[in-house]
Amino acid sequence: MEKYKDSSQPLEIRVEDLLSRMTLEDKIAQIQCMIAAGSDPADTLAYFSNGIGEIGSFPSGSNANEVAEENKKIVDFISKSELGIPPIIHCEAITGLSAAEATIFPSAIGLGATFNPETVQKMADIIRQQMLAVGYRRALSPVMDVCRDPRWGRIGETYGEDPTLAAAMSVAFTKGLQSDDLKNGIAATGKHFLGYGFSEGGLNMTTNPIPSRELREVYAKPFQAAVTEGGLQSIMNSYGVINGEMIVGSKHILNDLLRDEMDFKGVLVSDYTSIEHLVDRHLEPDMVSAAITALNAGLDVECPIPAGYRTDFLVEAIKSGALDEAVIDRSVRRVLETKFKLGLFENPQPRIEMYDTAYGNPENDQHSLKAARESTVLLKNEGLLPLSKDIKKIAVIGPHANSVRMMFGGYTRPAGLEMMIGRTMGDMAGMSNEFVSIDEDDDFVPSEPFPGSNVLREHPDAMAAINALYGPTTPTILASIKDRCPGAQVVYVKGCDIAGTDRSMFNEAIKAAKEADVVILTLGGKYGWGGTCTIGEGIDSDNIGLTGIQEEFAKEIFAAGTPAVMVHMDARPLSSVFISEKFPAIIEYWYPGITGGRALADVLFGDYNPAGRLPATCARNEGQLPIFAGQSYGNSYHTENTNNMLNKYLDSTKQPLFYFGHGLSYTKFEYSDLQVESNTRADGSVKLSCKVKNAGKIDGEEVVQLYVKDEIASMIRPSKELAGFSRISLKAGEEKTVCFKMKADQFAFLNKDMKWIVEEGDMTVWIGGSSVDLPLKGSFHIDNTAEIIAHKRGFFAKSEILNRMETQIT
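Numbering-wise, my numbering puts 103 at position 120 of the sequence shown, and it's gapless, one number per residue.
It should be emphasised that the hints constitute simulated quantities derived from the structure, not laboratory data. Since this is a predicted model, take the numbers as computed values, not measurements. Among the hints, a few may not be true.
Here are the simulated lysine-lysine pairs, DSS-like style, with alpha carbons at most 25 Å apart [what the hints assert, rightly or not]:
#1 K738 x K676
#2 K497 x K376
#3 K676 x K651
#4 K353 x K375
#5 K(-14) x K166
#6 K651 x K631
#7 K248 x K(-14)
#8 K372 x K324
#9 K676 x K760
#10 K324 x K55
#11 K63 x K372
#12 K735 x K676
#13 K(-14) x K375
#14 K494 x K465
#15 K376 x K465
#16 K375 x K494
#17 K372 x K714
Across the chosen pairs, the derived CB separations fall in these ranges [unchecked claim]:
#18 M698 x M628: 15 to 23 Å
#19 K234 x A678: 55 to 63 Å
#20 N624 x V560: 41 to 49 Å
#21 M628 x V560: 21 to 29 Å
#22 I681 x K497: 31 to 39 Å
Cβ coordinates follow ideal geometry from the N, Cα and C atoms, glycine included.
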């Protein structure tokens, strides 16, 4: 038996044995990718006689068994090559596998709002099982970008503005997806490396004006945490530009930073068509030069098709001396290592025998419901919530309330179906309509825009398909409210569209509001791909408020005089001064997934006590941007106790509408007895604890948040930074002790010489329920200054919930 086929051999031996048997063409094939869309891959893949390393599979199957069969055909076809190297098949999975029958969870920004890594890790484990069953072995997820600009349309793919929160969630997702045994796991792909969530003008694919220190301390932190604590197997580059270099071709970013500084050992895959951007941005004259630049920079695999990593291009480049074959070998080694770690040479096939446990498990939907409930943020409540189930008449108003599609965000199968059926595949980066079979002679009629807007109406064919596939298992908000209050008269009026200037439905909605005992008003955006959406990939905005005439509509409904609950559904947080000040109850609801209608009804009527927290600051308007909790001391609203800071807005305040970490409950919590270890060394750790009591009359959950400030530092530091958090459940009257342990080097930073140091000095700590509601305050001292190895540092405090008083710090 060849050594590479012998699973008892060490990994390095297997890789080198296989590499030695490969022709140059075989090697190049392993760094190529191809899209397979449809039930028969033969036509698409016949060109690749030497095999292929990666497949992006967009299955047409209407159920998991058909998806598995399509992927099996891919594996069987590619494995016919002489060496029999199986491909890695990838798919999107940010909030669930984007394929038939897969469970759909809340959007990533909603997952960030849970402040619960355990929920994310369990979700990722469900995704792992579902991907494994149908043959996917790489997920192009999670998104680890830190987003501090809500104008950017991809904010909904992120966990929000804070690097500590994003780091904890990224580690949880990575661990859940890859599992303790990668042979039964899925290779997670952290994206988009690096700094993609902060761009010029809030626009996609533009320059990222981030200094090198901030790039490392903030934007690289979630990636580093996932590499160090989660064993992250793959990373995807961004389309961005740092310091004048496109990241896809930057050796400084992809090798010197990612490999040398951050110690990443895995595979670097390209975001779709990003190598072509080197030519588009006038950095390279042609695709051959672009491919050489990307390979030399350290980009291992080109997706989705070999536009630059073409076999003829690279063979000729090596023959001419323009490219060293050792560079190809370097990338091929990484690809092969991943395939051996995944156990593909032993079992490359879909594990459809897992179907019953992976897809037929009712606990999957229960966990989706748990995540949707936990993601719900109660922004404001002046006693209106929870509602009584004995209300006689409820007016449910707004474009989201009776829509199955609006339950789902971007990078979900419903969003993908809408894009394909509406024939807007070209609106997804790196894709085009050529990947979908289209009969040019059919009678397809494209959607028209809303009046006074560029946003297109939903295509009826797409909505019919989504309703047919997901309607039976995804009750709308309206249906869920009716189910919860069978004795009430529930009236629905759409009232307005998500975009445009059509006011023809106003009067009917106002009448319904006036005649009701309570109004549930659902407003916001539409998250996905293409012209029918208001936010998503490539759908950015210079206005972070409500789209179309929704703000005007909200004022009309408020003026009707009936108590109203505002349910805001968008991928960016609410930015409306009027709604924030006038409406008595406001819920931030993101895009909750298949159980979203039920989860919202649970919160509205008190069957679930909300505890979600804002993962991003609610700016009053785009003029305040950027505004976030971790800003440097002296910036934005972080100027307390200063005497000489002369900065203010002429006609407004520097304070946001709602702060990072904010979220209310139907009960109240009391904090007490903070205990903090007084000293530590640079290589040590600090333990601290406090008591949290549910002082109300109903059970609830609290997100205990820990913040730290470096009082005197040699470089400008955050006014306070999130250091850790713990979501705990407390019965009415119950008290628990929450313990945190954080490494001193979690607070390391880059000094004036760009060396990572832990610095001697006093550190202030606060604990409370949000970034501004911090009743407990203490301190500790770091006794010495020392340089550290950055990739081995701490990233977030570890927490433990205790009930026994004697286990507290003494």
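Evaluation of the provided hints:
no.	hint	in the structure
1	K738 x K676	violated (43 Å)
2	K497 x K376	holds (11 Å)
3	K676 x K651	holds (8 Å)
4	K353 x K375	violated (29 Å)
5	K(-14) x K166	holds (19 Å)
6	K651 x K631	violated (34 Å)
7	K248 x K(-14)	holds (23 Å)
8	K372 x K324	violated (54 Å)
9	K676 x K760	holds (17 Å)
10	K324 x K55	holds (20 Å)
11	K63 x K372	violated (63 Å)
12	K735 x K676	violated (44 Å)
13	K(-14) x K375	violated (75 Å)
14	K494 x K465	holds (20 Å)
15	K376 x K465	holds (11 Å)
16	K375 x K494	holds (16 Å)
17	K372 x K714	holds (23 Å)
18	M698 x M628: 15 to 23 Å	holds (18 Å)
19	K234 x A678: 55 to 63 Å	holds (57 Å)
20	N624 x V560: 41 to 49 Å	violated (27 Å)
21	M628 x V560: 21 to 29 Å	holds (24 Å)
22	I681 x K497: 31 to 39 Å	holds (32 Å)
Checked against the numbered hints given earlier, this structure breaks hints 1, 4, 6, 8, 11, 12, 13, 20; the rest are met.
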